[in-house]
Amino acid sequence: MSSPPQVHLSIGSSVENVELVQLVVEEALNRLDLDPDDAHWVGIAVREAVANAVKHGNRHDPGKRVALDFGVEDGELVIRVCDEGGGFDPEGVDNPLAPENVLKPSGRGIFYMKRFMDEIDYSFGPDGGTVVTMRKHLDSEHLDSASGPSEDQEKEQEEEKG
Amino acid sequence: MTISVRQTEGFTVLDAKGKITIGSGDVALREAIQGALDAGGKKILVNLKDVSTIDSSGIGELVSAYTSASNRGAELALVGLPPKVQDILQITQLVTVFDIYDDEAEAMSSMG
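So the sequences go chain by chain: A and B. Here the first sequence is numbered in the numbering used here, starting from 807 and rising by one per residue. Here the second sequence is numbered in the numbering used here, starting from 80 and rising by one per residue.
One or more hints might be untrue.
To be verified - Here chain A is said to cover these stretches of chain B; the calculated rule only asks that three of the stretch's residues, wherever they fall, bring their Cβ under 8 Å from a Cβ of chain A:
1. 101-109
2. 129-141
3. 169-180
Calculated from the structure, these hints are not laboratory results. Glycine included, every Cβ here is placed at the ideal spot set by N, Cα and C.
Work out the full structure: start from the sequences and follow the hints.
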């Protein structure tokens, strides 16, 4: 019986480490047997969340860490990215589609995260730190893959064993 | 990410390969485009045919490149967009900003 991939990572606040996170997450997504396009876009969302944590959360402070947790909860892929920064107001983020923002070189990361995941929410610790939680619904096929055989599959296997 | 620069028929062509992402390609792209503009390039093609992944930092560099080129009286176009690069430009409505061509020949014919 295979078990769903569970990942916990803690990285230093360097943009070079975004690539490391991406590689691990790609491998974890492969184990979920997601559609390759979905896996690509989830990978981009993770990249954006970690990059934001490094740049805007921890402001590249080498003394601060970014943590990532990846797992399957209640039929959903759940990815949490935590920083140790001062927090921000999600409602205050500019809409990158507004005509005055289209030619800005930055400000698209959160938009992409929202676009590529099913749900995103933020929470903020009393002493600082932002946790962004991103969820992607998994269909039953992926859940079977992640959680081991379904009852039907187990029955089939028993029959095969004869 | 690797990026190579070549001159052909009055065009400066930047061939990007790999990922244009934060910490891995975004700065290289910026420097290559700045170099092309500093060298006096007036018609610049960014060939994205072999780009596998682009994130918001990479998109930001393309937007900055477009603005820098415009400010210096140069034309900048994107060619050979893989579907995922096309998609990510589409959803932030940047396909209406950039001049985008299927390939170099089409860009050169159109930009003359």
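For each hint, the structure was consulted:
With 3 residues having a Cβ less than 8 Å from any Cβ of chain A, the stretch 101-109 of chain B passes the three-residue criterion, so the hint holds. For the stretch 129-141 of chain B, the assignment as covered by chain A holds, since 7 residues bring a beta-carbon within under 8 Å of that chain's beta-carbons and 3 suffice. As drawn, the stretch 169-180 of chain B meets chain A at 5 residues by the rule of a beta-carbon pair under 8 Å; at three or more, the given contact holds.
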